[in-house]
Each structure stands twice: as C-alpha cells, then as structure tokens.
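Participant: All chains should be modelled from the sequences, with the hints used to inform the complete structure.
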Amino acid sequence: MSTLWTRFRRALAFLLLGLWWASAGALSADAQGPVLVVSPEGPYTSVQEALGEASPGSTVEVRGGVYAGPLVVEKPVRLVGVGWPVIEGNGEGTVVKIVAPGVYFGGFVVRNSGDSLDEENSGIAVEAPRVVVEGNRLEETLFGIYLREASDAVVRGNVIEGKALEVPRRGDAIRVWYSSGSVIEGNVVRRGRDVILWYSERLTVRGNVVEGGRYGLHFMYCDDALIEGNQLVDNSVGAFLMYSRRLHLRRNFIAYNRGPSGFGVGLKDMDDALVEENLLVDNRVGIFADNSPREIDSVMTYRRNLIAYNDVGVQLQPSVRRNRYEANSFVENQEQVHIAGGGRLRENVWEGNFWSDYAGYDANGDGVGDVSYRPQRLFEDLMGRYPPLQLFRYSPVAQALDFAAEAVPLVRPQPKLEDRAPRMAPVLPEGVPAPESRPQWAFGVGMAVLAVGGVVLMGWFSLGWPGDRRRGRRGDLPRPRFLSRQPEALAANGEEENMEPMVTVRGLTKRFGRFVAVRDVSFDVGRGEAVALWGANGAGKTTILRCLLGLYPFEGDVVVGGYHAKWQGREVRRLVGFVPQELSFHDDLSVEETLAFYARLRKTSPELSPDWAESLGLEELVGKAVGELSGGMKQRLALAVALLGDPPLLFLDEPTANLDVRSRREFFDLLCRLRDAGKTILFSSHRFDEVAVLADRVLVVEAGQVVSAGTLGDLAATIEGGVVVRLLVEPGQVEEAVRVLQRAGLEAERNGTGVWVCVPSHRKVEPILVLAGAGLSVYDFVLEPFSTVDHGGE
Amino acid sequence: MDWENVRAFAGKELRDARHNRWFWLYTAVFASLALALSWMGMAGVGAYRVAGFGRTAATLVNLVVLIVPLMGLTLGAMSVAGERDRGALLYLLAQPVTPLEVLAGKFLGLGAALAGSLAVGFGLSGLVVAWRAGVVQLGSYVALVALAWGLAAVSLALGLLVSVLSRRASTAVGVALFLWLLLVFLGDLGVMGTAIVLRLRVGHLLLLALLNPLQVFKVAAILAVRGSLEVLGPAGLYAVRAYGARLMPLLVLVLAAWTVFPLSSVYLVVHRRGMT
Amino acid sequence: MRAWALAALVLLFWVAACGGGAPADGPPEVRYGEDVCDECHMIINDARFAAAYRTVGGDVRRFDDIGDMVVYYIRTGEEVAAFWVHDYGTKAWVRAEEAVFVRSPSVQTPMGHGFVAFAGRDDAETFVAQHGGEVMGFEELLKVYGGR
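Protein chains in written order, with our numbering: chain A, 1 to 794; chain B, 1 to 276; chain C, 1 to 148.
Rather than coming from a laboratory, the hints here were simulated on the basis of the structure. Keep in mind that the hints are not guaranteed to be accurate.
As the list claims (entries may be wrong) - List time: in silico EDC-like cross-link candidates among lysine to aspartate or glutamate, alpha-carbon distance up to 16 Å:
(1) A:163 - A:139
(2) A:603 - B:2
(3) C:91 - A:118
(4) A:603 - B:85
What the hints assert, rightly or not - Estimated spans, in silico, between C-beta atoms of each pair:
(5) C:122 - A:298: 40 to 50 Å
(6) B:25 - A:420: 39 to 49 Å
(7) B:28 - A:357: 23 to 33 Å
From a predicted model like this one, the values you see are computed outputs, not experimental measurements. We treat Cβ as the ideally placed atom computed from N, Cα and C, and that holds for glycine.
Facilitator: Shown next, in the form of structure tokens:
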C-alpha cells in the first residue's frame, strides 16, 4: 500500500475524530450535570479518584496528560478527554473496562494493553448496555474494543491500531459478543486480526475502514444486520458472513483481499441475505457462497454489484441453489463464475447482468443483448470437474482449450449458467466510498528508468561495438606474446637459424560420419616457404586447412609453430592469418570498424604497418562500408585482417575464387611480396597458374589424400596425361575459339561461356598462343590436373 | 576463457540483434501487448479506477509465457546456424578465440538484447500502471521482470542447443518453433490429459507440470506477485505445503538448471563435433 | 544423449513417486494461519481447537473446529482411516477415538461448536469442574450431530 495514501487517510481520520470530539465536547458542556476535572495539575490527578467522587450522570473531564491504567468505570458517567489524555496500560491486562450502563467514553488515547489472547486483554472492554465509545485512539492494544454482552452500544469514530505482532498472535480490533442493537460506525482499523461480530442481532456496521487484517468483518449468528459503506481492503477475507439471516450488505468497497481463503465476501449458511451495490475488486474470489441459503423457503439476492478483476468473480460451492444474480456487472474476472464440482446451476437465477466477455449483440437497441450469455469454456469446465487442473491457470494452454471448444462444437461443454437478458453496458453502483487512487510517482520514475535502461542497454552496447571509443584504449596494448617470443622461436625473416618446420602434419585423417574427407595426410611446411595445396574442388584442401587451424576435431598430429592444433587451437590461430574462400564480413560495418573488431580479437592494434597498408591500398578503402567494397577490395580487406598483429604464417583457402584476372594478379603480387618478406604461406588452389606464381612446393590433393608432392618442376614432370586448360574468351567468340583450337589439332570443347582444352602438361601454353595468333583475346585461364575428379563433400 | 573476447562477441551479438528485424518485431509485439494489457487492466470501470497491479501482472505472466520462449528459442536457433550458413562463424573461429568464447558471447549478447527488449515492454507497462493505479508492489514487479529474464535465458539456452545441433538455419528455426509449440501447448495439454485419465494425485501432477520450464516460471511469477499459490488450486496449495519457504528458491534453481543444462550440452556438442 | 534423457526421466518419476507419497500414519500437518478449514473455509489459527482426519484414500481434511470436522464428515460420508484432535491443555495430537471430549458453554471455539478434547479423562473432569459442561466420548460426539 502507498504510504502516502495511508498517511493522507490517517490525517483525514484524525480530522474527523477531532470534529466528533468537538461536537461531543460541546454537547457535554451544556447538557450534563456537574463536571469533575482531571489533569496533572489537579483538582483531580487520577481518573479513578475522580470516578470515585463522581455521581451518576456527572461528567469527568480529563485533560491532556498520561494516566496510569487500568481504569474501571463502574458508574454511568460521561468521561470526556480534552487534549488527548493517555490511559497507559503498561502492557498488562485490559486498559479500560466499562461495567456501568450508559457510559460515554470519548477523546482518549488508550494504549499498551497486555498481550494474553486467553485473557482477551483489550484496550476498551464494555460489559454493560447503552455505552458510547467515541473518538478514541487505541494504540498497541491486543484486542481493541470488546463489547461483551453490551447491547445497544455505539462504537464510533475510533482509530484502532493493534500491536505489531504476526497475525495469529494479534487480537481482534473490534469484537462484538452478544451485544444486539449496537452501532459500529466510522472506525478505522489497522493491524488488527479481525473485526468480529457474533451472536448479536440488529447490528449496524457503517463507514468503517478495515485494512491489513485477517477478516475485515466476521459475522456469526447475527440476524438483521446492516453493513453499509465500509472499506474492507487488503485483508485475507473482506467480509465473512456466516449463520445469519436477513443480512443486508450494501455499498461497500471490498478490494485486494487475497490472503489464505482470499474472498471479497464469503457467505456460509446464510439465509435471505441481500448483497447489493458493492464494489468487489481484485480479490482472489469476489463472492464465495457455500450452503447458502440453508432454508428451503429462503433466497439469496445479489444485485447491482460491480464484480471486477477478481481471479474468480463468483464461486458457488456444489450445494448452492436459489441464488439470484440480477443486474450485476461482471468485468474481466479471470474466471467470471466458478462452479465447484461442475454443474447444478439450474436452480440459480442469472438475469440482466453485464458480462464483459459477452459476445452477443443488441439489434433492437434496448440495452439488453438479443442472445443469451452462455459461458462454455472448456478449461473452466475441466477445472470445475477436476480442481487440480487449476494449476494451469494463466497458461496459454488454458486459452487454447477455450478457443478449441469455441471452434469445435464437439468438445464444447454444457454452459455453466445462462443469462437470458445480458446487459450491454455495466451498471455502476453509486455512493461507494472507494479510495481515490493516486499516481505513484516514485514507482513511475523507477519504471521510466527501466524503460530507458532497456533502450540504453541495447543502444550502448551496439554503439560500443566495435567503436572508436574502444580503439583509443586498444592502441597501447602490450605486444602479443607470440611476437615477443618471435626472435628466438620464430625467425620471421627466413634467416636459417632454426630449421624446424613451421607446420608439421602427420597422419591427418578427418571423417564426417562415415565419409572420410581427409585420409592419412602427412607433410611439412618449412619456415618462409610457400606451399600450395593443389587439387580440384572437393579434393579435401579446405578440410586440411581447417584441421590445421584446429577448427575440427581430427585424428593424427598437427603442430603449427610449436603448438598442437588439437589442444592449442587458440595459440595456433594466433600465429596464423587466415583468408577464407568465402568472405563473410558485416556489410553495414565500415572498414575501420571491421579492422578494429578483429584487432580486438587478436589483441593487437588495428593499424597495419604503413608499408603493408600502402601495398594493400587501405587508403582507398578507409571510410567505406564493407558492403560497398568490390570483390577485390574485400579480398584485400581480408588479407589486411589476416595481417593484423603481423603473424608469421598465412593460410589462404582458394583466396581468389571470386576475383577477376586483374584483381587476382594484383593479389598474388601481394602474396609474393609477403612470401619474400619471410611469411610462411600455405594456400589451397585449383588453379595451376596461381600455384605456379607463388608456390615453392606443391602438394597435389586428390580424394582426401596427398598423391604427390614436390617443387613445381618435379610436379610438371610427374603429372601424367596432361592438364585441362580452361579459357575464358569474349562471349561471342566461344564457337570461333573452339574451331580455331580444333583446327590447330587440340582437344577443345565448349563449356558454358568458356573453353576447355586438354593438353599434355608441357604444351599448356599452346592453346593461349594459338588463340592469340588467331586474334582472339583470352581474359582468363585456369590450369587443372587432368586426372582430378570432383569428390564432393568438402 | 578470455572475457575480453566474450565481451567482444557479446557486443557483436547485440549489434546484430539491432539489425535483426525479428528482434525488433518481437520487441514491438511484446511492448505493445504489455502496454495494451496494462492499459486494459488499469482502465477501471466508470469513475472507479479500481484495478491494482496484481491483476495486470497476472496477465503479463500469461503474455510472457507465450512470447518470451518464442523470442529466445527462435533468436537462439538462428544465431549459430545462421552464421554457419553464411560462413561467418568459420571466419570468427579462425581467429585466436575458442568456440566457448563465441558461444558465451552469443548467449550473453543475445541475453542482454532480450533483457533489454523485455525491459522496454515491462517499463512501458509499468509506466501505465504507475500513472493509472494506486496500488503497486514494487518488489513483486521487480521479481516478475527478473523471472521473465530468467525465462528468456532458459529459452535462449534451448534455442542455442537447437542451433548447434541443426545443420541449417532453416532446420533450426523449424525445430525451435516445434519446441515452442511443445513447451507452450502440447506438453501442458499432455500433462492435463494424463492427469484427467489417470486421476493423478496433486503431487504427481505438480511434478509433471514442473518438468516444463514455462510452468516453473509461471508458478514462480504467480508466487512472487500474489504471495501465495491459492489461485492455482489444490496443486498450488500442495506446492506451498510441501516446500514452504523453499519453494521460490527451488523454482529459481530449476530455471537455472534449465539454463545450465542446455548450455553445457551445447558445449559438449561443440567440443565433440567442432562448431563449423 | 538418449540414454541420459531416459535416465533423467526415470529419476524424475521416481522422485515424483516418492515425493507424492505422504506418510500413511501419524497426525497430519497443519500450517496455522495459512491452511483453510475444509468445512467453513476459514483460516485455521488455533491448535487447541483444530482437528483433522485422513481418508482411506490418503487425503487429509483439516478443520478449525472439532465440530466442523464432525459436520463435514457426516455431510460427505467419506471413509475415514483416522480422526485426529488436539489435547486442549498440551496442544498435542490425540486420536479422536481415544480422546475425551467436553462440551462447555464457557469455551469459545472458532466456529462456536463449543467442544474441546483431552487425552485423559482426569483432565477433562478437572476442566468440567472449573468451567462446567459435560464429558463425552467420540461416539457420543458424533451422535450430537446426528451421526451413527
């Protein structure tokens, strides 16, 4: 609850109390007999002493001060407190006990009773008829005001705040016991257990506020009571009404009662009750009825109540019949009506209620729907039959079931009730003392922070990556470890001080399921060497490179720069700059952002040495988004990323697959310069021309195996059967090129937009020369081993 | 595990989320539904502005159970499989990082994105509540948000598991959608059917239902918002009776287990097969 | 992986089977201030008056007043394995068949039925000597409400 609101209400209550007190005081001054004044300065200093002197009908006026309890009033006098005199109970017994009839007791602070539940220690105990207890403040009392066989009493405008005990150890704030004809009016009760009214007829309970207790009101055996205009809020149960006849409950505000039981109004064994124009809001169960009415000739009437936002609007136990529900408004209760045990509703009457889930229409405009309201919710029906299924409340499956029942008549349950004249608009009760709700600014600010937090959270992180703000910090990173080790372990510039190979592969086998992609491959790559993996697509080149990078689990041993790829993948990858076959950059990032991100992963600066930056033409790329780059530019960017941190090794997987002739030549020029600068390079290609330009040694890969290895010269000699030369010519000249080549005695055929020529390997330049001689221009050419076949599954 | 790398990947993931139109669609749907539910819950009747936060929270629970798993599962499922399809994953893994860092970054980044997305929805609905209503429990609101984040983590972990197990992004999303259907509808429907046919005792029904992390979230959220499980009938009462004050920690623990178990499975799968 | 899942499922069902089974004997548990009386739906607050029974099927019914237990039992006609009440003095559980009951106009029980129970006849008679009332056994108590 809002402390602000509580404070406001408390202030209001005190104000009202003051008014009551003032009017009571005014009455007492002229209407009554002799006045005995008690104050710390005299004439009387003890209330009990003054009472001893007082004659029946006289007034004892007690001025502000603290007076020791217990106080026993045995004469029919008027006790009037002026300036909030305190009767202090010192934590023992009952503080004020009134045993004479017709006593008026008002304007006091009664505090600190004993805490024995068995002895029923109270603030004010009344045991005589026609007593008025008015405008007092009770603080720290176990029971508050206890009417014990005190008929026709008036308890009005008191504020009762109990001891701060847990609920079961508290006493009742107000207890009315065999006290017929009493009026309980305008009291404010907080931190009590219950307000209990038992065995008393013709009670009036009006305009009280009861909050934070167990039972806001608990009636037992109280016939002909009027309960009107009360606010019963935040209790376990708002009003529990039992074993009473002709009880009239009207215009009460009953909300947020959700403790154990959790009923707004509970009715058990009641007869002829009239429940009307109440607000029943956000309780667990708005109205709970059990075994009511008891008598065969009695009915229960509920009309013009607003029953809204409860988990269950109305719950009827199996024995309930002869209940009439008229002109109530059922608004958005999670379950409007719950029938425990399923059916038996024919004997109850539902007429002219408003149902917020009514789906009918009103064609004639008389405010009453033209078709009956017949709730047929499958899930609710199941819950009624098998209560444990309530576990699935608030689950989408519940709605799904209801929806299914609506769509499929076969599974539609019997309607649990029928309202033949459902209202189209709610009927709102008037004159109910509902508290004015106020916006909670503190909470609002919290929520605003949460909302802004959400936005900022997403925004900040996304802007923060891999932005320039971070790069500033990154500039002065320590040199990566492998670089500092470089002089002794990895001689980058190819000085032959350490002849150990940079890459050692022994018995590398890689299976994908049953398919063997790489079978027992062994080779070395020496420091500063450029080695090509040459073979057709699908031969296993890519898989070998990925195993070397430690991206796959594999069999065999791979050592790169002294690290085992199997267990030390991260260290291996730190030594290797990798350019993949297919580039996958974020198109919306700028070139700088891309470099910064990968530099961050490589723990290095995003700046390349000026030399390489110039060679790669990075100047030209700066400021562009990656998406705007051409294939060649992207490839240069990929190489730039690979060179971040100046790694001694470069692995390139078909690096020029998507480039045109010119870009490819430039790219390979760059690679040659890198090789000459001492980088160890391992690259895969199916183009013999690339292999020829860059590689010191060639490994021929076929069907997952290295079938031969050696220098370029060795290779040319060992290749049997020759090579396939793929030629790219002007589209319109393909036919002519084939004719020219065939006329020159070469085995040529058309293949799409290109021309394939099979020649012995020592004659591989011949087709180009022939075409050039015929005046046809060759844009591009590729050389492939003749014997290679596609294996797939690379 | 290098947390600097994890942070880099998490940041990248957040950035990707911002460029993912599904993410924005989910955020918009959740925010607008949460807003609409709060508005309706707060609208009151006539002159009586009477609704409290509890009711709105209960409808929000329902919404969260429906939407959050969808968000987590599909976004999780798309993440690894999608990057694998595009070859981006391979390129990332060729850097000096470990798969675990990539996965942790993905989980944390996507988790943060989801948390932010939920925060927007909850924040807006909270604003409406604060503006219109008088009775609010800040504690239960915060608990609800935290539990929703927990559920997002659970579904994200499951989504990632689906993603690493699937060969293609399209398969992954399909499986994720089926899993969502299973968790949201089919599973509960099965439990309900079993309960009715076998007349299960409440204790068994409860345990069976709580195999579903969505139900775990729901029960915990109702408990946080309402302070009791009375609204869930005999099974709810049984839960409180059997576990008492340990119930809430236990439920949170189960949610945590539902996060940790899929994530460790993801790790094992990646460890055994490689990620690419 | 599949074996794991199977093992986990088996384990869960085992846990479920164990967790669901309440002890068949002994007095049932009542959480005062939280449990609700099966008859009147009010919160059970005071052990001195609280009562309970266990059905043959193993279900437990709890009541805030001895009288409510009898009313509920007679109305539903359930088959009961054991009735339990509290000794008014010690608040210890006692089997109703072995308890001695006092109906006294001077005790206020939660639902006003006016019955308290004692483990021994001496205590019951002492109570009657002090507060008045009549002593009876469980069979007689059932008859008060029209039971067998």
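Participant: Now, for every hint given, state plainly whether the structure supports it.
Facilitator: Hints, verified against the model:
1. A:163 - A:139: Holds, at roughly 7 Å.
2. A:603 - B:2: holds, 11 Å
3. C:91 - A:118: holds, 14 Å
4. A:603 - B:85: Given that 16 Å is the threshold and the Cα spacing comes to 27 Å, the pair is violated.
5. C:122 - A:298: 40 to 50 Å: holds, 46 Å
6. B:25 - A:420: 39 to 49 Å: holds, 45 Å
7. B:28 - A:357: 23 to 33 Å: holds, 27 Å
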